[in-house]
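**Student:** Read off the chains here:
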Amino acid sequence: MNTKRLTVFPKRFFMENNNEIYDVAIIGSGPAGLTAGIYTSRADLKTLLLGGLKWGGQLMLTTEVENFPGFPDGIMGPDLMMNMRKQAEKYGTQIKDVNFSQADFSQKPFKLTAEGGENFYSKSVIIATGADTKWLQIKGEQEHIGRGVSSCAPCDAAFYREKKVIVVGGGDSAMEEANVLSKFATEITVVYRGESLRASEIMQKRAKENPKIKFIYNTELTEIMGDGKVTGVKLLNTKTNEASEMPIDGVFVAIGHIPNSSVFPDIDRDEKGFIKRFENSKTNIEGVFVAGDVHDYHYMQAVTAAGYGCEAALSAEKWLEEQK
Amino acid sequence: MAANITDETFQTEVLESDKVTLVDFWAEWCQPCKILGPIVEEFGEEYKDKVKVVKMDVDANSNTPGKFNILSIPTLIFFKNGQPERTMVGVQSKEQLKKAADELLS
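For the protein sequence lines, the chains are A and B, in the order given.
Per this note's numbering, the very first residue in the first sequence carries number 1; after that it's consecutive.
Per this note's numbering, the very first residue in the second sequence carries number 1; after that it's consecutive.
Isolated chain A, as found in the complex (with noise of 0.2 Å):
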C-alpha cells in the first residue's frame, strides 16, 4: 500500500504561484490563535499561524496571570505565551510574524495577505485576531500617547515615579494597571464612570486596600491637556454636571477593547464589531472559524480564550475531514 499522502492542486493555481497549500491557517497569536495552532498541528494539519508584528495578544502586557489554571505560583503574561508558542512551533504550526492585510474567502483556497503583500494559500481559516485597546477619543488624547496617555502599565510605569497619574476605567484591568502604577507613582486616581466598580471583588479588595489609590465615580474626562507631554485633565462629573480641572502627569486608559474585525468585510459581525460565531465556531462562511475576544464580548479570560481556540481547531478538522 501507498502510504505517501497525495495532495492533488489544481493545475492553474500551481502554475500561478510557487506556494504550498496549509491545511489551517490561524490569524492571530494571544491564548486562542496558539491553543488552536496546539491542536490542529497535532492533529498532523499543515498549519501557519500569522502572528503580527507584535505577537502574543494582551497578555504581553500584562504583569502576573494568577487565574490560568496550572501555574499556582502564577505566571508572568509574557512568559505564558511564549510558552505557548513554544508549544505550538513544537508541534509544527509554521508561525510568521507578520501583521495580517486582508483576505479572499471567495477563491478556494482561500487566500491570505501579509502586510507587504506576501500571500499565504489554506484550505481553511481560523480567525483568532482578539481585541485591541479602546480609547476614551477624547480631545487631546491620541497627540500623546507616548507622552503621558498609555493602555499598558506594567510597559510605562517606570516614567511615573514620584509622579500623579490618573486611570480611567473600573474593571479588572483597570485596577491591575493601578496596582502596577503604585509600585512608582505617588499617587493614582481611578477615574470611573459609573456609580461602582465593575471589577472581580479580588481585584477591587486589592486596589481599595492599596492607600495610594483613590476612586473617583460617576465621573468621565472630556478633555487631556497638555503641550508636548500630559499636564492635566477635564472632568465632567455625569451626575451633578459638575466639570473640573486636574493637574496630572499621566493617565491610563483601561476601559475595555475593541475587536479586531475590521479587517474582515465578509464575515459578518454584530453591531459593536464581534463576530457572530454560530455552532462548532463556525462564522458565516464554510470553513471559516472564529475564536476568542474578537467574538466573545462575555467572558474575555486567556483560559476561555484558549478554549475556544481548542473548539475551533477541532471543529476545522473536523470540517476538513468532511470536505475529503
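Honestly, the hints are just simulated from the structure, not real lab data.
Be aware that one or more of the hints could be misleading.
[Claimed, not checked] In silico lysine-lysine, DSS-like type, Cα no more than 27 Å apart, as pairs:
1. 19/B / 34/B
2. 50/B / 67/B
3. 86/A / 94/B
4. 96/A / 99/B
5. 34/B / 86/A
6. 98/B / 34/B
7. 67/B / 164/A
8. 229/A / 34/B
9. 46/A / 324/A
10. 234/A / 67/B
11. 111/A / 94/B
12. 239/A / 111/A
13. 34/B / 94/B
14. 229/A / 80/B
15. 123/A / 54/A
16. 139/A / 67/B
17. 48/B / 96/A
Knowing the structure of chain A, use the given hints to seat chain B on it.
**Tutor:** Then chain B, alone, in the frame of chain A:
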C-alpha cells in the same frame, strides 16, 4: 549590533553625528522592546551605509528621555543635523522604519 549610548555620549554620538541617527529607547523590563529590538537591528544592518543606529537604556539614563518627553517605550527617534525629526512610539515594522528613513534621506 546597535551601540549603546548614554546621557554622557548622547551629544557626540547623536546630536553631532554627521549621519541620520536612529535612537532606540528601551529597558530590560519592557516586553514590546524585546520584539522591536531585532527589527531595529535588521533595519540598521540594511541601512548601515545611510543611517546610524544606536540604543539607550532608559533605566540607566534618565536625562535624555526626560528631555525628549519620552513616557512610553519602545520609542524610536530619528535625528538629523542634531534635531529630532521623527518620533515613533510602540512596535514598528521594518517597512515603517525604512519609509521614515527614506523620507529623511531624500
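**Student:** Hint by hint, note whether the structure agrees.
**Tutor:** Each hint, compared with the structure:
Distance restraint check for residue 19/B and residue 34/B: the Cα-Cα separation of roughly 26 Å lies within the 27 Å cut-off, and the hinted pair is therefore satisfied. With a CA separation close to 26 Å, the supplied pair residue 50/B and residue 67/B stays within the 27 Å bound. With a CA separation close to 24 Å, the supplied pair residue 86/A and residue 94/B stays within the 27 Å bound. The suggested pairing of residue 96/A with residue 99/B holds, with an alpha-carbon distance near 22 Å, which does not exceed 27 Å.
Using a Cα cut-off of 27 Å, the hinted pair residue 34/B and residue 86/A holds, with the two alpha carbons roughly 17 Å apart. Pair hint residue 98/B plus residue 34/B holds up; C-alpha atoms about 19 Å apart against a cutoff of 27 Å. With a C-alpha separation of about 19 Å, the suggested pairing of residue 67/B with residue 164/A holds against the 27 Å cut-off. For the given pair, residue 229/A sits about 25 Å from residue 34/B by alpha-carbon distance, which is consistent with the 27 Å threshold.
Restraint check: the Cα-Cα separation between residue 46/A and residue 324/A comes to about 15 Å, which is no more than 27 Å; the hinted pair holds. With a C-alpha separation of about 26 Å, the suggested pair residue 234/A and residue 67/B falls inside the 27 Å cut-off, and the hint holds. Restraint check for residue 111/A and residue 94/B: satisfied, since their Cα atoms lie roughly 24 Å apart, inside the 27 Å limit. For the hint pairing residue 239/A with residue 111/A, the CA-to-CA distance comes to about 52 Å; that exceeds 27 Å, so the pair is violated.
Among the hinted pairs, residue 34/B with residue 94/B is consistent with the structure: their alpha-carbon atoms are about 14 Å apart, no more than 27 Å. Of the supplied pair hints, the one linking residue 229/A and residue 80/B holds, its CA atoms being roughly 22 Å apart against a limit of 27 Å. With a C-alpha separation of about 26 Å, the suggested pair residue 123/A and residue 54/A falls inside the 27 Å cut-off, and the hint holds. Annotation: proposed proximity of residue 139/A to residue 67/B holds, straight-line Cα distance about 25 Å (limit 27 Å).
In summary, the hint linking residue 48/B to residue 96/A is supported, as the alpha carbons are separated by about 26 Å, within the 27 Å threshold.
Of the hints listed earlier, the one the structure fails to meet is number 12.
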